[in-house]
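Participant: What follows is the residue order along each chain.
Number of protein chains: 2
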Amino acid sequence: MGERKIELPNRRGLLLMAAAAGATLALPRLTRAAANKAGAQFGGDLSSVRAAIEKQRPEAIRRLQNWIALPSIAAENRNMKEGCQMMMDLLTEAGFQTARMMPTDGQPGVFATLDAGARRTVGMYFMYDVKQFDPSEWSSPPLAAAIVDKAPFGKVMIGRGAINQKGPEATFLAALHALKAAGRKSPVNIVLVAEGEEEIASPHFGQVVHRPEVLAALSKCHEVFMPFASQSPQGSVEIALGAKGAVEVELVASTEKWGRGAKDDIHSSYKAELDSAVWRMVKALSTLVSEDGNDPAIDGWFEHVKPLTERQKQIIADKVAHTNEADIKKLLGVQHWVRDLSYRDALERLASQPTVNIEGMYAGYTGPGGKTILPSKATAKLDMRLVPDQTAAEAEAKLKAHLAKRGYGDIEVKVTGGYDPTQTDEHSALIKASTAVYLQEGLQVSLSPRLAGSWPGCIFTGAPVNLPAGHFGTGHGSRAHAPDEYYVIESSNPKVQGMADATLAYVKHLYALSVV
Amino acid sequence: MGERKIELPNRRGLLLMAAAAGATLALPRLTRAAANKAGAQFGGDLSSVRAAIEKQRPEAIRRLQNWIALPSIAAENRNMKEGCQMMMDLLTEAGFQTARMMPTDGQPGVFATLDAGARRTVGMYFMYDVKQFDPSEWSSPPLAAAIVDKAPFGKVMIGRGAINQKGPEATFLAALHALKAAGRKSPVNIVLVAEGEEEIASPHFGQVVHRPEVLAALSKCHEVFMPFASQSPQGSVEIALGAKGAVEVELVASTEKWGRGAKDDIHSSYKAELDSAVWRMVKALSTLVSEDGNDPAIDGWFEHVKPLTERQKQIIADKVAHTNEADIKKLLGVQHWVRDLSYRDALERLASQPTVNIEGMYAGYTGPGGKTILPSKATAKLDMRLVPDQTAAEAEAKLKAHLAKRGYGDIEVKVTGGYDPTQTDEHSALIKASTAVYLQEGLQVSLSPRLAGSWPGCIFTGAPVNLPAGHFGTGHGSRAHAPDEYYVIESSNPKVQGMADATLAYVKHLYALSVV
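Residue numbers (numbering that gives the first Met the number 0), protein chains in the order written: chain A, 0 to 515; chain B, 0 to 515.
It is possible that part of the hints are untrue.
No copy labels: a pair is met if it fits in one copy or bridges any two.
Unchecked claim - Think about it this way: if two alpha-carbon atoms lie no more than 25 Å apart in a straight line, the pair counts; the simulated SDA-like pairs of lysine to any residue are:
| # | residue 1 | residue 2 |
| --- | --- | --- |
| 1 | K262 | K312 |
| 2 | K80 | N65 |
| 3 | K413 | T112 |
| 4 | K376 | P134 |
| 5 | K329 | D263 |
| 6 | K262 | A150 |
Source of the hints: derived by calculation from the structure; they are not laboratory data. Here the structure is a predicted model, which means the values were calculated and not measured.
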């Protein structure tokens, strides 16, 4: 199993531990002392809060289950108004004095404030939408939020949104409920913005954040934080210092726009004398990536791609040194990384490489058996991940130019969402305070230079907000976007926090942020 | 509009006319005389039969409507037993003394005989299955078989199977009913084989035809004929002297078989370090055709492809000379043939070129909006049309070898059906007798060297049956496999036969075949 590694990454003496998969050693004296010292600041004696969490546990679970039972899916325009209302209700019940629906050109967001009369104000980001799902693929109904035994994690809740993002968000709200029940005020004021279009790449979230009253409120904050259960199965808290940007597009090749082939689907025997929209799509798509499908080949795609810094590479090397690659591969259901790379090279790619992925594709007849038609249309759904200093606008323009240059200008490029990459300084108060909490909890912290996934942190780290932003926390869950998405409620691994411990950790987190 | 052309293609003096789109001239004397002479043989005075057809018209229409109301779709395993039973009932009611279900490894066929004590026995081929359909795409419900006005054709029946093939088959059965009602015996004995898997490329039809009792019955026949409403909108009866073969395959690229990428669908952010089954499919497909998607590029695909003969080219040139290309383009919803070919070149391609077509394709998420997954599987449905002397077995082997040679051996190639091309001599009794009937009806006959579509004629033209085979007839319909498939019931164009006239033409056709 893995070893543990202690390092002193910066002159302020903050202790960070890289991922130590399965490590079971006690904290060394120096670390323990530092953590205990910090621990004393994180709310002092929290026994009454802990008792409140225990007492409120059934209602916290029920609250999450009720939330999961109402899936808001922007792509399907499903329960959006209802989900926005529930988001506001959840916030108000947790102690926010204001929670307003913020209309946009798409689905509404929420702007909420909790004024505790505190010295410091923390910005927060929530999402109330979830990814689509097909119940037939689930072992437990995705809206039932049943709690089942799942080795080796313990009791987990299975449901759409369990980890992404309702479980962690509900856990954070449980922390506010517990503080109140224990007769405590929140140690920080909170300015919270929420959206219902995260899963379609946040096309209108700027319209919420850039409203004058929201910008004014955020200007009092020093960071923007989103709750997440980011412990690995082995227990290290994964803190990503950034995230890739994303652009989602739908490409449509049609005989109608092309002006070739038959206007409608036609008997396939005509293929000999008529052009095919599907072959056109296949040929156009084929130009977008390298022969093995692994490198974007869109003209100029790498123009603004920054290589990893030495520090970023070091963080990755540290992670690799203390991670069991076989465990990760098993977790992901993977036998080989692309090009049979070493784990280190694979993780460097994961952090540093932009991607062009086909998330879905369809054309013609897709039912059982065959149907001899020459289809008049083909659709491909792409998602493209971007790294600094690529921008979403640049990616869209380059994709369109690439297609046009090759004579595919008639292929429609419908951008359905997108945003730029985000990056946060590891020396920011957010990262330092969070890390200190996790260490005090006796957990290991695993930094990564950048999440391969995306979240609209750029809306906060970019102009005009310009704040550090991150999403992490204790607890564990997985299978975001996939069937059987889960969130650990009661953990059978002492190194992985269940919902109640994670709730207490958020309490400490608020205290840690109140004193930085 | 087009001109008419008379030619004497063979030493036996049979008069053939090539397509004369919209031609309205009277038959020249020579042709008319020949037709009248022949006409005298085609059943003599048919007024009582004609009266019976008129009287039975409502029940003939109802019979067809009832048949359309029961769609048998092998791809969906829908109503197969019921459809087979209905086929047998329809045959028995029309006068067949025997009609037996013939089990196969797939869906059952039918073997039926009508012994009229006649001198000559005609082989016939029916199909009782139809293509799949999506009712939402139809202007009239596909199973309602409603009769509606459709300019410029007159009253047409709209329904799945209307033209392909229930309409023409029911019209032929109406001819047998009318003969009976007029107190006549069928002038020929009939040996009929039917199948329920024509639309999935007849994977098990050989198991019906090659049964000893069926082969024995067919050995008494001189040809195998299938009813079809093959008049063009302008009225010429299209007789195809052959048909392309077809192979339908489903290609499946999966991370599971490949052993690369993630076993299941996974969050798309992992694309940077994991291989994609969809890109693999796109790249593999891309190798199968030329850059413009119009020529098969499978290794060795053209090895056994025979060029058109001079006679075949002449038939096409004749057709072109008498067809209005603009009308055809309008009918098909087409602005350009591939590579902007002339109509003649396009028709030569249509007759002579094998095709590799993507009839359908799907991978990953295909619903509304996006879903950021890296799919573990991609499926493409291909149909490939073959020309002499390609064979279905050869095509399958070459496709597999082509993929394997390029490292795509893990992509599954599931052959769902297929058969060889078929070709029939234009000097055969079947073609001669049929042509004589149509000329006697005052119609024009348009030969084509080969249908671009496919039908399992090879089962009859190939060993061990080795008979001429063809499917044609009077009447008109179109949109086979497409929404709003139709069949003309009452024609508003005197040059295009409605159902009643077509019924009488089948009566004459039987008489014509009885005396060759």
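Participant: Is it within, between, both, or neither for K413 and T112, if the alpha carbons may be no more than 25 Å apart?
Facilitator: Answer is neither; intra-copy 36 Å and inter-copy 59 Å both fail.
Participant: Cα distance capped at 25 Å. Does K329 pair with D263 within a copy, between copies, both, or neither?
Facilitator: between (46 Å within a copy, 12 Å between copies)
Participant: Evaluate K262 and A150 at a C-alpha cut-off of 25 Å and name the case that applies: within, between, both or neither.
Facilitator: between (54 Å within a copy, 20 Å between copies)
Participant: Go through the copies and call it for K376 and P134: within, between, both or neither, with a Cα cutoff of 25 Å.
Facilitator: Classified as between: cross-chain Cα gap 19 Å, same-chain 29 Å, threshold 25 Å.
Participant: Can you give me the call for K262 and K312, within, between, both or neither, at a CA distance of at most 25 Å?
Facilitator: neither (53 Å within a copy, 28 Å between copies)
Participant: Can you tell me if K80 and N65 fall within 25 Å by alpha carbon in one copy, between copies, both or neither?
Facilitator: within (16 Å within a copy, 48 Å between copies)
In this structure, the earlier hints numbered 1 and 3 are contradicted, and the remaining ones agree with it.
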